[in-house]
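Using the sequences and the accompanying hints, generate a full structural model.
Sequential numbering from -16 applies to the sequence shown in this note's numbering.
Careful: at least some of the hints might be erroneous.
Cβ-Cβ distance ranges computed for the label pairs, FRET-style [stated by the list, open to error]:
#1 Y558 x R388: 18 to 26 angstroms
#2 L533 x G204: 51 to 59 angstroms
#3 W507 x Y567: 26 to 34 angstroms
Calculated directly from the structure, the hints in this document are not laboratory data.
Glycine included, every Cβ here is placed at the ideal spot set by N, Cα and C.
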Amino acid sequence: MMKYLLISILFLTPISSFALENSDCFNCHTEVTQAKFVKSIHGKHLCTSCHADIEDAPHSKKPGPVTCEKCHRIEQQIYLNSDHGRAVAKGIKKAASCKACHGEHHYLLDYRNPESPVSRNKINETCARCHDDLKKMEPYHLTQREPYKSYLKSIHGEAFKSGEAYAAICTDCHGSHDLHSPINPESRIYKFNVPKTCSKCHENVFNTYKMSVHAKGLYAGVRDAPVCTDCHGEHTIQTHTAPTSSTYPSSIVKTCSHCHASEKITIKYGLPPDVINTYMESYHGTAYQYGSIVAANCASCHGFHDILPSSDERSSINPANIGNTCGKCHPNAGEQLSKGSVHVRPSVNRDKIIYYVTLFYVILIILTIGGMLIHNLLDLLKKAAAHYRKSALEGISLRLTKGERIQHIILLICFITLVYTGFAHKYPKAFFSYPFSFPEWGPEIRKIIHRVAGTIFMLLMLYHGAWLVCTEYGRKKLAALLPCIKDIKNAIGLITYNLGMREERPKFDRYSYIEKAEYWALIWGSFIMIITGLVLMFENVSLQYLPKWLIDVMLVIHFFEALLASLAIVVWHFYWVIFDPHTYPMNWSWITGKVRKKHE
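Here is the structure:
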């Protein structure tokens, strides 16, 4: 009975199922190159091994989708759990599939074949096809931009380009089918897995690191504890001898500062808050800031991968070892150096002698220099008063009316106030900005003072313009201040006279080119500052009518115009009204309104 049943089944099964050979497929599917297929890793398999739903040749129905899972079940399961696999499952068509990495299905090569896109010498380029394509990567908001280009400049990339067989490649660090985001605990580049990943090549360094205070913190679950990539970088890792390396001697302090100068980290873990500042103030730190690569840096004393707390007897900064540590650079002096503080922090509780010597000199300097200042100030006031009386007794002519002097005083007060509060806003960390450094009220008070001074300044300019046009005296003043050809001749004449090329100093009119240049610069600068200041003051209104780039330009103009005006006052105005030997200590006309006749 069984015999007949088997015979019946054989008769019912299509003969083509047993007879369909690859040659039958190639007769029609000429788009597949038979020679290349035969050389592929699947070349010894039947077409129907993958296209299992095809029973006849030719076939009328379209082949169904092919899945690699039929043979590569384990790899498929790992892949589907990866970032790429989950992206494909979500329907993201551009996500990396088997074909995207391994190549065209019919021509797949063994990964050991140098021509395979997943071979060690090709995999980097394969990954770069997606990960270095900014446009393709843009929708996915990856944290790394063009990682392959960065990698090629790294020590790993340089080794790879030179043909080093075991140079680290993408899959060595990231994995192949099991790729995960760095925030996934399963990822090889997850914060807590990085040391183990790097240990595949750097086993000795890893064994040293495991004993360090950093590793102990990491294995205790401290996410802020530094791992390999925190100090060395990721795709940009370079040898410590490269000047651009984060572990180059001139970069070490900056690298360590990322944690040890971080207020958040030092407070969170109770670390000394000022180790970087105290180092920078030391002899070593000063030399370091000048660019010395032989000056002792953090690693010179604390070590590299073997950093341990001073309480550990193995630590290079343990009291019992610090003499030897310092002795590496200071032979025979290590014992004495070990008796003092390295990170000097003078206070009543620590480094007391330095603290009290510093305090003594601060008091001494204040009393000595303060006394000198008071002594000389009294002398200056006495001589200035005598100079003022002498000027008042000499033959005089009216230079500035009472109204002009009032305008000048208002201008002086507004200008100084605007310059001070403006630069305090631009440089909030500068010493002169201290009065406004209190967050509760400082910035608001500064803003109010600046805007009030600016409003008064604008009203003064409007009044001055009306005074020039609407009063007879103002019109005469304006006419006298207008530039003329003689001003150019006088400017050339004074320069040649000062250079010794001319014997006689040129004669100036009531207002020389010196005063005219300053006056018209003031008018022009005031106009610029008022316009830009109003745009910035009413920014919300301005944004309704002006493009943002124009407002940004206004901000730049406002700053540089203020800088220009400030420097012009110091360099030009102060010289002619204060430091000119013929005028010193001051031209008193801004108070008296009068000058000596010979001034004109």
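inquiry  = Checking each numbered hint in turn, tell me which of them this model violates, lowest number first.
reply    = none
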